[in-house]
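Participant: Could you put the whole structure together from the sequences, leaning on the hints where they help?
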Amino acid sequence: MSPTDSAAPEPQKKPLDPAQRFNLPTRWAMFFIGIYIMSFAIAMTVHVGLGTTTISAIPAVWSFISPLSVGTTTILFNVILIIGQMIVLRKDFKMNMFIQLLWAFVFGFLCDLNLLVTGWAETDNYILAWVWVISATLLMSIGVFIQVLPNITYIAGEGFVYALVRKFPSMQFGSMKQIVDWTLVIIAGIISLIAMGELVGVREGTIFAAFFIGFFVKQWRKLCLRSIGY
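Numbered according to my numbering, the sequence shown spans residues 8 to 237.
The set of hints was computed from the structure by calculation and includes no laboratory data. Mixed in with the good hints there might be a few duds.
[Claimed, not checked] Derived DSS-like pairs (lysine-lysine); straight-line CA-CA distance at most 27 angstroms: (1) K174 x K101; (2) K174 x K225; (3) K229 x K174; (4) K174 x K98.
[What the hints assert, rightly or not] Derived Cβ-Cβ restraints for the label pairs, each shown as a range: (5) Q27 x I134: 40 to 46 angstroms; (6) E205 x E129: 19 to 25 angstroms; (7) L120 x R233: 31 to 37 angstroms; (8) Y133 x P74: 29 to 35 angstroms; (9) L206 x V95: 24 to 30 angstroms; (10) T190 x L31: 31 to 37 angstroms; (11) N158 x Y133: 20 to 26 angstroms; (12) V124 x G204: 28 to 34 angstroms.
This one's a predicted model, so the numbers in the text were calculated from it and none came from an experiment. We treat Cβ as the ideally placed atom computed from N, Cα and C, and that holds for glycine.
Facilitator: And the structure:
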């Protein structure tokens with residue numbers, strides 16, 4: 008038997024990580040497209056009136072009990088989430104993560120901008136309102152997925168989820184996001200009840216989003232990985 012016959016087969020190379028399949032300009036474009044889609048979905052749910060998406064539940068409640076816009080309260084909430092990352096990660100929080108402050112202002116601006124262009128989502132038809140809620144939930148999940156896929160940077164909401172995933176590595180991103188989403192909904196509900204005596208900005212649409220945004224993100228990830236053979 009020749010040496011070549013007994014040689015072990017070459018190890019199969021692991022496919023490229025999904026993020027590595029795109030060049031740097033494409034990855035940045037995906038990130039900005041993702042956060043724009045997310046802000047558009049948030050604006051839709053604010054107009055529909057069946058409750059906002061989970062990540063915007065607390066900012067929406069703040070905007071109802073203060074003179075601040077949803078975009079401004081979104082910026083403030085993102086700052087709190089960055090502080091939360093610092094607490095969770097401690098010494099693992101890197102200086103370059105402060106770039107999320109910039110994205111907080113961009114995201115807040117986009118939320119207010121899209122509130123101006125999504126007035127068509129307002130409706131008194133409950134069935135149509137649910138169509139918009141489901142559409143916004145799907146859009147939000149797509150936006151979240153597109154934003155995190157390039158693995159280049161995150162806005163504070165997803166950055167906070169990733170910080171928790173690093174702290175608890177047995178949890179996948181989608182599953183951890185569902186936990187965070189439910190926590191945000193509960194906190195928003197408590198703030199609304201204390202400040203206004205009723206639930207404002209947190210309704211059945213918010214509950215639907217809490218159930219399904221993280222779920223859909225997991226499905227998009229599975230489809231993506233399957234399509235590239237990863």
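Participant: None of the hints should be skipped; say for each whether it holds.
Facilitator: Okay, the hints, checked on the actual structure:
Between K174 and K101, the direct Cα distance comes to roughly 15 angstroms. Compliance with the 27 angstroms bound is thereby established for this hinted pair. Taking the CA atoms of K174 and K225, the gap is near 20 angstroms; set against the 27 angstroms cutoff, the hint holds. At most 27 angstroms may separate the alpha-carbon atoms for a hinted pair to count; K229 and K174 meet this at roughly 23 angstroms. Between K174 and K98 the CA atoms are separated by roughly 12 angstroms; this keeps the pair inside 27 angstroms, and the hint holds.
For the pair Q27 and I134, the supplied restraint of 40 to 46 angstroms holds, since their beta-carbon distance comes to about 44 angstroms. With their beta carbons about 20 angstroms apart, E205 and E129 fall inside the hinted range of 19 to 25 angstroms. At roughly 35 angstroms, the beta-carbon separation of L120 and R233 lies within the given 31 to 37 angstroms, and the hint holds. In this structure the supplied range 29 to 35 angstroms holds for Y133 paired with P74, their Cβ-Cβ distance being about 30 angstroms.
Checked against the hint of 24 to 30 angstroms, the pair L206 and V95 passes, with Cβ atoms roughly 29 angstroms apart. The hinted range of 31 to 37 angstroms is satisfied by T190 and L31, whose Cβ atoms lie roughly 34 angstroms apart. The given range of 20 to 26 angstroms is broken by N158 and Y133, whose C-beta atoms sit roughly 40 angstroms from each other. About 33 angstroms separates the C-beta atoms of V124 and G204, a value consistent with the hinted range of 28 to 34 angstroms.
In terms of the numbered hints stated before, the structure departs from hint 11 and from no other.
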